[in-house]
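Protein chains: 2
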Amino acid sequence: MASETKELKWVGKRNIRPDGIGKVTGRDKFGADYSLPGMLVGKVLRSPHANANIKSIKTDKAKALAGVKAIVTGADFPELAPGEDLIGEGMLSMRDLGHNCIARERAMYEGHAVAAVAAISVEIAEAALGLIEVDYETLPHVIDVDEAMRDDAPLVNPEIFTDGVEPAPEKPSNIAKRVEFGLGDIDAGFAKADIVVEESYTTKPVHQGYIEPHACLASVDQDGQTTVWSSSQGHFMVRGYSATILGWDLSEVRVIPAEIGGGFGGKTVVYPEPLAMQLSKQAGRPVKMVMTRQEVFIGSGPTSGGSLTVKVGVTKDGTIVAADAEIKLQAGPFGGSPIQPACMCALSCYDIENVRIVGYDVAVNRPRVAAYRAPGSPIAAFGVESTMDLVARELGMDPIEFRLKNAAREGTQAPYGPRFPVIGNVEQLQAVQSHPNTKVALGENQGRGVASGFWFNIGGDSSATVNVNEDGTVVLATGSPDIGGSRTSMAAMAAEVLGIDYDRVRPIVADTSSVGYTFLTGGSRVTFSTGMATVQACQEAVRELCDRAAKVWEVEPDQVVWDDGHARPASANVGDFEPMSLAQIAADTTRTGGPIGGRASITAQGAGAGFGTHVCDVEVDRETGKVTVLRYTVSQDVGCAISPDYVEGQLQGGAAQGIGWALNEEYVYDAEGHMENPGFLDYRIPVASDLPMIDTVVVEVANPIHPYGVRGVGEVPICPPLAAVANAVHDAIGIRMTDLPLSPPKVLAAIDGER
Amino acid sequence: MASETKELKWVGKRNIRPDGIGKVTGRDKFGADYSLPGMLVGKVLRSPHANANIKSIKTDKAKALAGVKAIVTGADFPELAPGEDLIGEGMLSMRDLGHNCIARERAMYEGHAVAAVAAISVEIAEAALGLIEVDYETLPHVIDVDEAMRDDAPLVNPEIFTDGVEPAPEKPSNIAKRVEFGLGDIDAGFAKADIVVEESYTTKPVHQGYIEPHACLASVDQDGQTTVWSSSQGHFMVRGYSATILGWDLSEVRVIPAEIGGGFGGKTVVYPEPLAMQLSKQAGRPVKMVMTRQEVFIGSGPTSGGSLTVKVGVTKDGTIVAADAEIKLQAGPFGGSPIQPACMCALSCYDIENVRIVGYDVAVNRPRVAAYRAPGSPIAAFGVESTMDLVARELGMDPIEFRLKNAAREGTQAPYGPRFPVIGNVEQLQAVQSHPNTKVALGENQGRGVASGFWFNIGGDSSATVNVNEDGTVVLATGSPDIGGSRTSMAAMAAEVLGIDYDRVRPIVADTSSVGYTFLTGGSRVTFSTGMATVQACQEAVRELCDRAAKVWEVEPDQVVWDDGHARPASANVGDFEPMSLAQIAADTTRTGGPIGGRASITAQGAGAGFGTHVCDVEVDRETGKVTVLRYTVSQDVGCAISPDYVEGQLQGGAAQGIGWALNEEYVYDAEGHMENPGFLDYRIPVASDLPMIDTVVVEVANPIHPYGVRGVGEVPICPPLAAVANAVHDAIGIRMTDLPLSPPKVLAAIDGER
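Chains as they are written, first to last, in our numbering: chain A, 253 to 1007; chain B, 253 to 1007.
Heads up, some of the hints might be wrong.
Stated by the list, open to error - Computed, partial: chain B to chain A, Cβ under 10 angstroms:
1. GLU378
2. ALA379
3. GLY382
4. ALA683
5. SER686
6. ASN689
7. ASN697
8. ARG758
9. ARG843
10. SER853
11. GLY925
No lab work stands behind these hints: they were computed from the structure.
Cβ coordinates follow ideal geometry from the N, Cα and C atoms, glycine included.
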């Protein structure tokens, strides 16, 4: 690739993002910004109970209300058979997802949708919700993961039989799945240890807290042809999931991606879309649905709360000889917590001979969890990295030195199977070690915490189409919603391959009918996978450009090379031809064989693993228990920072969200399983004044699979903060806090307990 | 191709059109149906003079009006240099087109745009127009083509120097271009003739009369990124022309095609689009512009009026030995009449040894002409086919027999150069000859007229992308606006190649950023060119589908064939594999290499020439001069009727428009050059009650270049009616009418003159 042989002009540069002006001026359209003539408003009736059988739903009175145009309940959706309903690269159960979108026999959490109304105004729609009569039979419920695993726990979902155990269980339970990963001999490992540290931890469910609530507009014609405008992390996902839940053909549904005001994993499944589509079909008019913030909290997917125990054994020289982790994650009522990636990531920063990781996916009466940045990994890292901090303290070793000594490196076997190829774990640790922030002297009640984090990053299906315009400008269409600046990165890679200026490339996010299938924006896959598709599509266009020059020069195609945006004779022997620019070739395509373009649809493989380490300095107010983050440093190997601005933004954003998770965020439930804080006043995400400037150290150890070395960026930086903050608090007050969040009352209670 | 070896399942069948429901329910969105928040209304100030220098334009008072957000004049657009401004496959002058969109120094026809306003309401915009002060210096003007060619005629456009003459003229004139085509020796030819007939003819300018006026919505962001929703015959044309006129990069402009309520050639150039874009840029808000019907008449492009003389020599046995035609066409103020295709088509139905055709493109003070179905050919055919009718009468030969005797056939050299490959001229003549309508006995004051018509049909740039969805349905994206049912035809061809059901294919018209460059919908090129691109894109997908089956079966790709929607082993030797359907392969693409699709961008060549013959029966009311069409038969070789319903519709529609042109339609001007009938009450297009059912005879002599034999349909059927009607009137009343339209006053005057 060009990256090895010549200086890059656009990749790695701070290019202006093509969607910047639209964002800052408010012209860009998000999910709630679309309107159509005759549009109706859709609203959802949600269960007030944490667990209840639905004995009947009467909609007559609501239907009779003037202005109500359609009402749907679970009965209006087809019942998908279990086992035949798995789609997507994550093999998600569409039966469960459909039941989550709208309940059938049972409402399994407060906020579970039980009916939806379309009416001519929001007032009428809400009035109609009040006229729907649901006869509930309330059932006992369970919220906490440890409680839910007890034999005598209320049964959340009679369809759940534990997966992953032998023999297969005969009766249902709340344990949806058991997973285990391991290396070596765990008992022999601990037998060699001079020091063994074991500790248990808990984390609370937290929400991604994206600014934009879920919103969509659906318009279904009388013949079933459907257009959906929706804000999501994947419009192909919206099409595939919604059509499957409704039993419609994919070709009948066209999903047009709105801009997205944050997702962080939370917009990787559908909520209002199938309801709006079914309402629109019944009403014969377009239906818009926009969730309120309260609905987002109780009716969309936060991440799991967790309970875990981590045991680590070391020899006196600081070598980890054994590690054992048990991780239990809440999943909402269907199973489906991120227990698998949590276990895959838990100990992957380390090169340890003897490892065991056991995980449980546990159903509870809470909203069905969704992905949240590196799903599961931050919870695992909280336990592992807190324990590693305890071990380093016990050894009297510098925590970065301790991690360097035991760092996973090229050739290390990860507990989930593969041996790592080229990775940058050591490099990112060394980079943060030499950062000036680690040398700043600390004062009274101040402490410093270090923690590492891991995400394997993913590849998957991506498509890109490039078309060369008549004036030599270029349009690049991909199917990846742009959440973190991916238009910029795609345009930079395209400009690099084509050898034209960055601002001659117009990147767009094309709808589901206008570009090839593309898996969702998540897993830190877009710059890797869609980037590879983009490069391949541009390479196809370059081959075509060379062929046209060959045609004009009357030489063989292989006698023409592409260099710096021009077709040139491959050698002096070919002939004395003036190089032809892309614009020159583009101006004459009708005479040389037609419009020029390229497309690629790939299943990208070989995503490079990502490692990061955070150093957090805090000060604890011993009078109030408030923890203030003084300075914060993020180091990470990203492979290649195609767009350094947005890479740094990802590192800062992940850290900020992790700090919120560590210090303040949590779902608070009352005894009846009602969320007590479903709003941003009571659910406290960090605001600007809560945080210092977050310093970043971008390390680039190229992933050899990707043409520019990309690994993926967005997941890793949320993994270390939970432990980094807790380790800093320990350093400041000498107390190990094991139950997140480290909110002022809890910290104060811990201090008071020691006083 | 499949067409030769097996029965076709979808091509040639009467499939339901995918856009049918949207059209009949009113859900489809046309140019005027789009809205955006904060949208302004744009209105145009038009010249009241047929010819005037613009000495100054003062906009201060208009700008001061509350609610006015932007005003543009010619000074707000870049001046393009002549000669450097030619773009498109028709090599149109963008300098002239820009001057037509908005005048600079000179307003050259009544209705010429001189300024445009964007305001918060239509009332304010119109009030602002009234406050713009234009200081005009009126100049003499000329409307008629023959008058404009006189030496003492007022000069319409000082930039015009006759093109195509030697030596190049030193002073400007109204003759923009002279063209000449010929075969053999014209004088020697006439010397051999036993009978020579010569006659002169005139036709009036007529408008295409599409239902939907020009309409667009333009939104320009602060960084110049632009989206235009527009109804046109080519959104790539709108992008290319508008961006060039404005001096913007193509990649900055995304044009989203609205549905189109008729174009017939009239929507092949831009009118409001560049104005709306410049107004939106200045105002910083979206601007919608919708022309009124009056504006469409005086401010868009009708076709030329013409004046022509045709001289034909025959031997006694009915063999045409020489033909000479002189054709003069009005062009509006810039030149650019369809004189070239008029001359190409004039005598191409015949096999004549000695031919001369001379044409003149003449500037007049009328709106710049635009294309109108087979541009120029109907006018030429009016003269030629009227004269042929006179010749047949002189010979006492049946007019169809006369045409059959002299019919162009395979190997005939067309006067414009090429020798015809396989054509269906004889077949279509024979087909209409045997139609029962030609055997119906006629009564008093009734007459029958026969005329033929020709259009060469065109190819050109087209692109198509096909994507296979996860459930085995397919989306097909092309860049051709669907005017006459092309979605249906594309879906049928795709279903045929892929071997899946027609309704599993969803055809869409993709925007300029989402599919490869595609030349406009016109010239009868879409089913041919975009059809070929569609077939090639689907063939690429089929190859990929076979490759995936080969991968699963672990055999070589060339050991797998595609047949009836399934990958199958190429022979029994390959192995005993169960055939895999498209849906089966589609369900598993992530494991076999990624999403499946195909794309093609081509410059289609080898469009097949089209021939048709119409037989018209009329009755003339001798008291009022009214001509009633009693029955009407259209025969045409279409190559292959992919969608017979829409082919028949094209034949009927072309005939209906030609009948209107023949009987009633005309631009009526007063002495000052003002159009006196700019509305459908006074400009009389045929309504349903004016016409009988138009019978069609679809002849299919396959074009060997196209995979299914398509030639093109839409242009030919408007060529014969002008002469067919006039010939029928001659037959009914014994008078040769040579000046269109044959409106009641003119027919009555002719009858009275004979009485």
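Now the hints, each set against the structure:
For GLU378(B), the suggested interface contact is broken, since its CB lies about 24 angstroms from the closest CB of chain A, more than 10 angstroms. For ALA379(B), the interface hint is violated, the least distance from its beta-carbon to any beta-carbon of chain A being 27 angstroms, above 10 angstroms. The interface hint given for GLY382(B) is broken, as the beta carbon of that residue sits about 31 angstroms from the closest beta carbon of chain A, more than 10 angstroms. With its C-beta approaching chain A no nearer than about 35 angstroms, ALA683(B) sits outside the 10 angstroms limit, and its interface hint is violated.
Nearest Cβ of chain A to the Cβ of SER686(B): about 40 angstroms, over the 10 angstroms cut. The hint is violated. At its closest, the beta carbon of ASN689(B) sits 37 angstroms from a beta carbon of chain A; the interface hint therefore is violated under the 10 angstroms criterion. A cut of 10 angstroms between beta carbons decides the hint on ASN697(B): the least distance to chain A is about 49 angstroms, and the hint is violated. Hint status for ARG758(B) relative to chain A: holds, with the closest Cβ pair at about 4 angstroms, below 10 angstroms.
About 8 angstroms separates the beta-carbon of ARG843(B) from the nearest beta-carbon of chain A, less than 10 angstroms, and the hint is met. Given hint, SER853(B) at the interface with chain A, holds; its Cβ is 4 angstroms from that chain's nearest Cβ, closer than 10 angstroms. Look at GLY925(B): its Cβ only gets to about 37 angstroms from chain A, farther than 10 angstroms, so that hint breaks.
Against the hints set out earlier in the document, violations occur for numbers 1, 2, 3, 4, 5, 6, 7 and 11.
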